[in-house]
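Peer 1: What follows is each chain in one-letter form.
Number of protein chains: 2
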Amino acid sequence: MSLINTEKPVIVLDERRCKRNIKKMAAKAESTGCLLRPHFKTHQSIEIGSWFKEAGIREITVSSTGMASYFASAGWNNITIAFPFFRQQLPALSSLENQARLRLFINSTDDLEFLDEELANPFEVIIEINPGYGRSGIHYLDSDTISKLIKTCRQLSKPKFHGFYVHDGRTYQAKNKKEVENIIKPTMNILNNLKGKFPGATLSLGDTPSASVLDHFPGIDELTPGNFVFYDWMQTQIGSCNLDDVALFALFPVAQYFRKENRAIIHGGATHLSKDLVYTNGKQNYGQLLNISTSSVNSVDHSFVTALSQEHGTISGLPDHFDKGSVWICPIHSCLTANLYDHYITTEGRRIEKRILS
Amino acid sequence: MSLINTEKPVIVLDERRCKRNIKKMAAKAESTGCLLRPHFKTHQSIEIGSWFKEAGIREITVSSTGMASYFASAGWNNITIAFPFFRQQLPALSSLENQARLRLFINSTDDLEFLDEELANPFEVIIEINPGYGRSGIHYLDSDTISKLIKTCRQLSKPKFHGFYVHDGRTYQAKNKKEVENIIKPTMNILNNLKGKFPGATLSLGDTPSASVLDHFPGIDELTPGNFVFYDWMQTQIGSCNLDDVALFALFPVAQYFRKENRAIIHGGATHLSKDLVYTNGKQNYGQLLNISTSSVNSVDHSFVTALSQEHGTISGLPDHFDKGSVWICPIHSCLTANLYDHYITTEGRRIEKRILS
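If you read the protein sequences in the order shown, they are chains F and W.
Add 72 to a position in the first sequence, counting from 1, and you land on the number used in the numbering used here.
Add 72 to a position in the second sequence, counting from 1, and you land on the number used in the numbering used here.
In short, the hints are calculated from the structure, not lab data.
Please read these numbers as outputs of a predicted model, since none were measured by experiment.
Hints are not guaranteed to be accurate.
Treat identical chains as interchangeable: a pair holds within one or across any two.
[Unchecked claim] Okay, derived cross-link-like pairs now, SDA-like style, lysine to any residue, Cα gap no bigger than 25 Å in a straight line:
hint: 1; residue 1: Lys80; residue 2: Asn150
hint: 2; residue 1: Lys80; residue 2: Leu191
hint: 3; residue 1: Lys223; residue 2: Arg331
hint: 4; residue 1: Lys247; residue 2: Thr378
hint: 5; residue 1: Lys220; residue 2: Arg88
hint: 6; residue 1: Lys220; residue 2: Arg331
hint: 7; residue 1: Lys396; residue 2: Asn202
Pulled out of the complex, with its shape left as it was, chain F reads as follows:
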């Protein structure tokens, strides 16, 4: 592959694997009776979005009005903005509501009244549920606030209550499939209890580990994972996927090789990988070294990016007599790595444009 001589750090997309991930998740959603509303924050590419369309996907999830506008411009007309609504979004939403049916995360009756007044069209309301770990949303035990929100939706003309959503970020800390299950099952119970209290609500689950690991989603109506489109090293460590499912790789030139120390400096730093990390044998791992041939992708044991500055990466634990001019790195967190580039290069050498600014 001529890519091997790249001077600039690039991210390389395995189109076949990516499409397979999309189809697999679409098939799982169908077989489990869930609607797949994939989160597009990971790939942020209109072209990759079109691969979802080919897999029958019609409704998507994003995390900002900017991302919603980007995908609306490509014809996506049913969009969930999976981020707590805040009033500065109004001008963007007023423009977006002409292009797409919107589903918004609302946390207060004041905001419902505000939007009922300010928006022109009906919109759907999702109540984000905090299952106890506490990022955003309404705490699952706060029935009072939840009741008021649903009641207010009924009283107003534009907001339509749709259901409950949880993105349980704790599953990203799981060490294996069993741990993912142990984290997400109580969360699914929380959602089902809410459905019991508020009949007619749909239930939506957001995280990639749960969507990947579980084969049944009792009571759940919708899945909105994003990361699965590429997966990454973190997901292989959780057990969400195998290395053979990972579809995004970084290709970095080697700038200096220290033979005696089994160490190399690569042109691939924090601005090319992000500083997200996992711990491997107690050491910080900012990117896993891979051995990629035309027929296989393997990780190189004990060899990973152990330090990152702005433009430099340090790979430690290299095999003896390592003599490569470039290295393939499996990103730890593909969402953050992809965010640093304005395009992908496919393994066939084709350029795929993407949005760069969050």
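Dock chain W against chain F, hints included.
Peer 2: Below, chain W without anything else, positioned relative to chain F:
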């Protein structure tokens, strides 16, 4: 300021402070007899570069050929590429050498011979010295390799040996000025010893903490700091600057406020701040909350970004009855934060373009 109603996360530049930082560092270089060759990787903006020109700067430092091309296009014609040379850079260097006098970091005699053959014009050679902490460069005790490199420069027609360079990254871990001094003084001794062995070599020091904290640089000929143009929260904690010197701030909308928990969710995540962090009272601090008025900038004690996902930030430890629609955040590491945006907004509301891709 109308900025306060921004929907999108923005980074705001205090032009007056930035220009003052530039002038101060230029004055310090002059008073200490050092040439200032500032690193432009932090701001990556042609306009901000022009402020250096106004301060008398004629020679600059960058960390990639792409960054060199960007600044060469604005007329900078004396450029150090402070990154180990690797052969994939050749096409870019062949083009660059027509626009600028180049100063390259070379680690092997093979590379010197390669460039002597492949480049058209003379170029200057810097030997990056590893003072013991081990990122890139040649270990300071490896006199053999250093001798061979200098000798090869003499034998060939195009490479001209210029001197030694150290970027001592350990100073970024210092907790106060005294620690910076304790780290950098032995490193300056190492450089001076090399100058003793290899007379005529110039000595260059790269890190912002040393350039900021020290008032004398015995034997040192050049300074190449970059971060000082903006500084950041990390530098205030090291003692490189005061908060009044910090010239770059992030402005993020508040999306959800938890009054009882003194906590808020902001639209400002890892893709808006980077995941670089310091520890404050033992807790991860991804961004320090500031109180900014027209006349002053103060940090809000115990209030900082304690968690980051792709688009969400969590601020903990908020003061009681916090009711702001937006928050000002002091970035932990301004180089990585600035890298995530394609422009700055000045405190006067003016847009300043910048390069986005590393």
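Peer 1: For each hint, tell me whether it holds in the structure or not.
Peer 2: We went through each hint and held it up to the structure:
no.: 1; hint: Lys80 <-> Asn150; in the structure: between (37 Å within a copy, 22 Å between copies)
no.: 2; hint: Lys80 <-> Leu191; in the structure: between (45 Å within a copy, 20 Å between copies)
no.: 3; hint: Lys223 <-> Arg331; in the structure: between (68 Å within a copy, 23 Å between copies)
no.: 4; hint: Lys247 <-> Thr378; in the structure: both (20 Å within a copy, 23 Å between copies)
no.: 5; hint: Lys220 <-> Arg88; in the structure: neither (47 Å within a copy, 49 Å between copies)
no.: 6; hint: Lys220 <-> Arg331; in the structure: between (66 Å within a copy, 18 Å between copies)
no.: 7; hint: Lys396 <-> Asn202; in the structure: between (47 Å within a copy, 23 Å between copies)
Checked against the numbered hints above, the structure breaks only hint 5 and satisfies the rest.
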